[in-house]
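**Q** Sequence:
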Amino acid sequence: MRFANGDRIKVSTVDDDGLPIVRYGTVGAELPGDGPVVVMFDDLLGGDIVDRSEVEIVTVDSVALLLQGPDLATDPVLRAGLAAMWAAEVDLAGLETGVLHLLGDPPGAGLRDAADSWVLAEFSHEGSMHVVRALLAGDGTGTVVVHAGRMNRWDGFTSP
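Numbering of the sequence shown is given in the working numbering, commencing with residue 493 and proceeding in unit increments.
Simulated from the structure, these hints should not be mistaken for lab results.
As the structure is a computational prediction, the values presented were derived from the model and not from experiment.
In this text, a Cβ means the ideal position worked out from N, Cα and C, and glycines have one as well.
Keep in mind that a hint or two might mislead.
Stated by the list, open to error - Computed Cβ-Cβ distance ranges for the label pairs, DEER-style:
no.: 1; residue 1: A576; residue 2: A606; range: 19 to 25 Å
no.: 2; residue 1: T505; residue 2: D608; range: 27 to 33 Å
no.: 3; residue 1: S504; residue 2: D567; range: 25 to 31 Å
no.: 4; residue 1: A496; residue 2: P568; range: 39 to 45 Å
no.: 5; residue 1: G634; residue 2: G538; range: 35 to 41 Å
no.: 6; residue 1: P599; residue 2: T505; range: 33 to 39 Å
Produce the entire structure from the sequences given, and follow the hints as far as they go.
**A** Dropping the structure here:
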């Protein structure tokens with residue numbers, strides 16, 4: 493993947509304690525060939541050279557929260573706060589969305605759209621409708637994934 497000066501990116505890596513971290517920043521320069529990328533992190537002064545494999549272009553569709561605890565998805569009161577948490581992460585990534593229209597009762601608790609998935613909110617972004625979803629990962633770890641994607645009004649549609 494080619495990066496251009498000024499691209500918004502995220503870097504997924506591991507900190508000194510072995511814990512996974514995500515940092516957001518801007519491409520400062522791309523070094524020749526398949527070499528590393530100079531990144532200007534939002535939370536650090538100056539630039540840092542980062543291995544290309546750790547750098548990803550950040551978009552509204554690529555921002556995702558991975559949270560532990562299945563009750564965050566199954567309890568409607570806890571689920572009601574997930575869209576706001578996702579919006580805060582989008583803000584941290586330096587991106588903008590349209591106004592989130594929270595769905596469900598209480599607002600933000602969402603509407604079930606599959607066995608382990610809820611549509612929490614909808615918003616307009618770059619001329620198309622997007623939704624924020626929460627879903628329980630199917631791997632049995634109890635991980636809740638909160639992410640956005642383009643709205644497809646035919647999701648789950650089956651013909652009679």
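**Q** 25 to 31 Å was suggested as the range; check whether the CB atoms of S504 and D567 agree with it.
**A** About 28 Å separates the Cβ atoms of S504 and D567, which means 25 to 31 Å holds.
**Q** Quick one: are A496 and P568 within 39 to 45 Å, going by C-beta?
**A** At roughly 43 Å between Cβ atoms, P568 and A496 fall inside 39 to 45 Å, so the hint holds.
**Q** For the range 35 to 41 Å, tell me whether the beta carbons of G634 and G538 fit it or not.
**A** Cβ of G634 to Cβ of G538: about 39 Å, so the range 35 to 41 Å holds.
**Q** May I ask you to test the hint 19 to 25 Å on the CB atoms belonging to A576 and A606?
**A** holds, 22 Å
**Q** Between P599 and T505, does the beta-carbon spacing fit 33 to 39 Å?
**A** holds, 36 Å
**Q** Does the beta carbon distance between T505 and D608 stay inside 27 to 33 Å, or does it fall outside?
**A** Given about 29 Å between the Cβ atoms, the range holds.
In this structure, none of the earlier numbered hints is contradicted; all agree with it.
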